[in-house]
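Counting from 3, one number per residue, gives the positions in the sequence shown under the working numbering.
Hints listed in this document are in silico derivations from the structure and should not be mistaken for laboratory results.
Incorrect hints may have been included.
What follows is a list of derived Cβ distance ranges for each label pair [stated by the list, open to error]: (1) Ala84 - Ala279: 32 to 38 Å; (2) Asp61 - Pro286: 32 to 38 Å; (3) Lys107 - Gly201: 48 to 54 Å; (4) Gly287 - Ala266: 49 to 55 Å; (5) Cys52 - Ser176: 48 to 54 Å; (6) Met3 - Gly201: 25 to 31 Å; (7) Ile153 - His36: 42 to 48 Å; (8) Gly182 - Asn251: 49 to 55 Å; (9) Asn251 - Ala279: 50 to 56 Å; (10) Ile174 - Trp262: 18 to 24 Å.
Here are the simulated SDA-like cross-link-like pairs (lysine to any residue), alpha carbons at most 20 Å apart as the crow flies [as the list claims (entries may be wrong)]: (11) Lys289 - Glu238; (12) Lys265 - Ser226; (13) Lys5 - Gly201; (14) Lys137 - Ile153; (15) Lys104 - Lys137; (16) Lys267 - Ala79; (17) Lys149 - Glu238; (18) Lys293 - Ser226; (19) Lys149 - Ala84; (20) Lys137 - Asn217; (21) Lys134 - Lys5; (22) Lys267 - Lys104; (23) Lys280 - Gly201; (24) Lys53 - Glu83; (25) Lys107 - Asp61; (26) Lys134 - Leu269; (27) Lys58 - Thr75.
Think of the CB as a built atom: it goes at the ideal place given N, C-alpha and C, for glycine as much as any other residue.
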Amino acid sequence: MKKSLIFGVNGYIGRHLAYFLNKKKIKVIGFDIHQKSVVLGIDYYSLDNCKRDSFKNIDFSNVDYVFYFSGLTGINASIEEAHKYIMVNEIGLTNVLDFIVKSNKRPRLILPSTRLVYKGIENKLLKEDAEKEFKSVYALNKFQNEKIVKIYSDYYGLDYLIFRIGIPYGNILSENYSYGTIGMFLKMLKSNSVINLYGKGEVKRTFTHIEDLCNQIMEVTFNSSINNEIFNLKGETYSLKELAEVLVNRYGGHIRFVNWPQKAKLLESGDTIFDSAKITPLIPGLKHSIKQWVKNI
């Protein structure tokens, strides 16, 4: 049986990845900062990734895949607490990398990245080599981590894959319908029957259901002929206004356009629309669509 380690297993993506790996008969050992795991049916250990000694008793030689999904998220908070974000998101990664490269048999490292590394361009599909721009410490953390992993690969021969994620949605494991943008919109409708959109709501994003997200990561990870690559994950493109309209048509309520707050405008990426041509030939088609998902919830 293949074996995997998931760091950050209690997080939104980590817990779903554990669930789908289990379904694929991949043994999962999970790690996170919390005392207990939220994922059933796995071996779990509490671990602080900022402390190097936390990794010393982990046998990386007996593992096939290391999914490093640990870290802090948040755009504004990453600027307001920059030191904390650098420690957890960057130093934490180097800690685990140092132990991986010293192991007798090195596992494959799988690392998530973000749409926020791109310079958004209106109505333009962004390939993996598109121009980069960093408007938050979090975005810079993610890009720095991509570069750190590349350096370790060149120097030590580390085998890695990096997946840039747009906006995930959906939830297989609990009654919370979604997180992130869609979850926020649903919460607005529930509490006030209104979705507030900055400006005209015209900025566009790539949205990927959590099951499709995990399936894409697993499909490429299990393909031993692919290594040391970065992929945009495949999804659907919606403007925030279009997305809000889908939800209002389903639940009622209305959309209200408001002026951009100064800080939100400063940190806005613009359109981040993924070109997924690189990953598309390697994966099955998407199982979920936003319209069908909204219809069913």
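(request) Compare the structure with the hints numbered earlier in the document and write down the numbers of the violated ones, lowest to highest. (result) 4, 5, 6, 7, 8, 9, 10, 12, 13, 14, 15, 17, 18, 20, 21, 22, 23 and 27
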